[in-house]
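Visitor: Listed here are the chains, written in short residue letters.
Protein chains: 2
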Amino acid sequence: MSSLSVSKWPGIIKTYGDFFSVSKKTPVVTLQEGNTPLIEAPRLADWLGAEVELYLKYDGANPTGSFKDRGMTMAVSKAREAGSEAVICASTGNTSASAAAFAAHAGIRAVVLIPEGKIALGKLAQAMIHGAEVVQIDGNFDEALTIVRRLADEQPITLVNSINPFRIEGQMSAAFEVCDQLGGRPPTYHLLPVGNAGNITAYWRGYKAYREAGRIDRLPVMMGFQAAGSAPIVLGHPVAKPETVATAIRIGNPASWKFAEAARDESGGRIDMVTDEEILAAQGKIASLEGVFCEPASAASVAGLKRAIAAGWVESETTIVCTLTGHGLKDPDTAIANAPKPSKAPATMAGVCKVLGL
Amino acid sequence: MSSLSVSKWPGIIKTYGDFFSVSKKTPVVTLQEGNTPLIEAPRLADWLGAEVELYLKYDGANPTGSFKDRGMTMAVSKAREAGSEAVICASTGNTSASAAAFAAHAGIRAVVLIPEGKIALGKLAQAMIHGAEVVQIDGNFDEALTIVRRLADEQPITLVNSINPFRIEGQMSAAFEVCDQLGGRPPTYHLLPVGNAGNITAYWRGYKAYREAGRIDRLPVMMGFQAAGSAPIVLGHPVAKPETVATAIRIGNPASWKFAEAARDESGGRIDMVTDEEILAAQGKIASLEGVFCEPASAASVAGLKRAIAAGWVESETTIVCTLTGHGLKDPDTAIANAPKPSKAPATMAGVCKVLGL
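Going down the list, the sequences are from chains R and H. Per numbering that gives the first Met the number 0, the first sequence starts with residue 0, numbered consecutively. Per numbering that gives the first Met the number 0, the second sequence starts with residue 0, numbered consecutively.
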């Protein structure tokens, strides 16, 4: 056993700043996001029936529990550099949580617009406790987005929805980390969930930037997976009413649609879909075979790998990375609904042993 | 901006193994726990009215969302080394979540015994999805603990409740990291929540071990804070029915009581208590001023700092670390109940601007 001395991880901008649109003048707003575990998953590989070196890139270990923190440190740092007094987004999920946390750390306002309808406060808990001003408008999500765009145009307020270009820049850091953590090489295949398609776009740009910089000498094959009820890229047309248990990828008209297709085509990869049943089964196996709890959307990557293996899309004896985008604690109710229930026993040794089969 | 190359964090055993009861033969079971953020908190220091260098050690960023992972990597690795076929604990909270995750990763059984009464499934979600066998007995917590102890005595099953000595060993790693992250020095004061008192015991042992090894040249003053409704050490006697919103420190008769008093006395520190109101206020300020979401128990450290500053127990121009033991997503309901509610607006620019005061 060695005794390394550990230096403080300074967050993704100070680590990978050469690859981002930042300068020494950029005030870095960081919660020490990034540097998330890359966990070898041999038991999951066995379940999948694949003779591969399988890793889980666990971005649920970011400060607010999702990969969004990688983009948000960039978006909020650049907002401060531009003199913004607030950030704004239309979101009910991981984006609002991350925006609110980084704005709080920076000491600027965060405004979150949400559409009419019943509010799932659980999803908004993070934005609320981080002090975001949450405003529910008497209109739908598109109207909310229109208002936040206009506000950002007319006021010293920065829009941090996915159209903010610095978010995809920051998200490239996950690809850099994967290569670094693998000892200076990319995986053979990189699989991830696809919702708004910003993350597959960012990973692909990241891998290309790292090859251009001479940090790696080849590129992975990119494979993205949508939920079957929310699979516009697979179907080739927007989905008016997307439905899936994987709420973080329930998106009918992805902002980065064309970039995702480019990542697929340039890398010789695929974008396919998996059912909710496959997603939930994968979520359970990731948790029970590897001890990693991810939100349902994240499990689309592993469900996708199962499909890819069955279809013969991946070769044996290769290195595969599946990104898990968010922590399972983001949505414990879905996990509970799909987990085995507690059993009951009398308060005796014999009673407990019987239940446990001992 | 520099471009560091990042190597994979191997978890606390491979990093700090020289300080633990492990050898090259110990099979290391790791989820890459540890190496959690040490976040500078100047805005929180302002709120506290203190001219100090304040840091938050955010152990909520561990894989299962709490500091328990530091001890559990040791407990489960040593269980495997001993040839155990299962781990067992009596717990409804963070311990069972961590035990279940590490057992899953190791491919061994996890058994969780819980007492009779209404089950808060949210607290058990992690243990359940990680595949632990959760057994609810027809008896109270003490009876559950008696049964798990006997089972561990009579079967090849390892008890991973707090009496497992390897857990406190692993938890020492947090003190090592704090010193490393501060550039080879301890803080002047280290504040943390006290429930079962294992963590204050572990930090103090860690600091002493690091000084003995020549990694630091002095020791911090340790200050622990119990919840007022659950403050046996402060009161000097066990509390039969401990009550507090901070469930993770709701313990009436701490296992490491004497060690906690030793940490206090040897370091010239204090163990005091804070009210639930103070805890919830601190939780809100940590989240809204620094962007860090912790569970209520964690906020006892910052609520305690507020009390310590008011009482004149800490000097100015010192370095202070407050440990945040768990992620706020462990208990979103309490956060929601205490956060400002969303406001409503018409779906127009004017309407939204009015609500926002723009």
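Read the hints as simulated data drawn from the structure, not as lab findings. The C-beta atom is built at its ideal place from N, Cα and C for all residues, glycine as well. Check the hints yourself; a few may be wrong.
What the hints assert, rightly or not - Simulated DEER-style distance windows between Cβ atoms: (1) H/G116 / R/G121: 56 to 64 Å; (2) H/L357 / R/K343: 54 to 62 Å; (3) H/P164 / R/D264: 50 to 58 Å; (4) H/S342 / R/S6: 27 to 35 Å; (5) R/A336 / H/D137: 20 to 28 Å; (6) H/E265 / R/D332: 44 to 52 Å; (7) R/A336 / H/G356: 40 to 48 Å.
As the list claims (entries may be wrong) - So these bits of chain R aren't anywhere near chain H, every CB distance computed over 10 Å: (8) Q31; (9) R149; (10) V291.
Visitor: Are H/S342 and R/S6 spaced within 27 to 35 Å by their CB atoms?
Guide: Violated, at about 44 Å.
Visitor: Between R/A336 and H/D137, does the beta-carbon spacing fit 20 to 28 Å?
Guide: 26 Å, holds
Visitor: Could one say that the CB atoms of R/A336 and H/G356 fall in the range 40 to 48 Å?
Guide: 41 Å, holds
Visitor: Since R/V291 was said not to touch the interface, does its Cβ keep a gap of more than 10 Å from each Cβ of chain H?
Guide: The claim is violated: R/V291 sits with its nearest Cβ about 7 Å from chain H, within 10 Å.
Visitor: For the pair H/E265 and R/D332, does the Cβ-Cβ distance stay inside 44 to 52 Å?
Guide: Holds, since H/E265 and R/D332 (Cβ atoms, about 45 Å apart) stay within the stated range.
Visitor: Given the hint of 56 to 64 Å, is the C-beta distance from H/G116 to R/G121 inside that range or not?
Guide: 24 Å, violated
Visitor: When you look at the beta carbon of R/Q31, is every beta carbon of chain H farther off than 10 Å?
Guide: Violated: least Cβ distance 4 Å, not greater than 10 Å.
Visitor: Does R/R149 clear chain H by more than 10 Å, comparing its Cβ with all Cβ atoms of that chain?
Guide: 6 Å, violated
Visitor: Do the beta carbons of H/L357 and R/K343 sit within 54 to 62 Å of each other?
Guide: At roughly 57 Å between Cβ atoms, R/K343 and H/L357 fall inside 54 to 62 Å, so the hint holds.
Visitor: 50 to 58 Å was suggested as the range; check whether the CB atoms of H/P164 and R/D264 agree with it.
Guide: 56 Å, holds
When each numbered hint is compared with the structure, violations occur for hints 1, 4, 8, 9 and 10.
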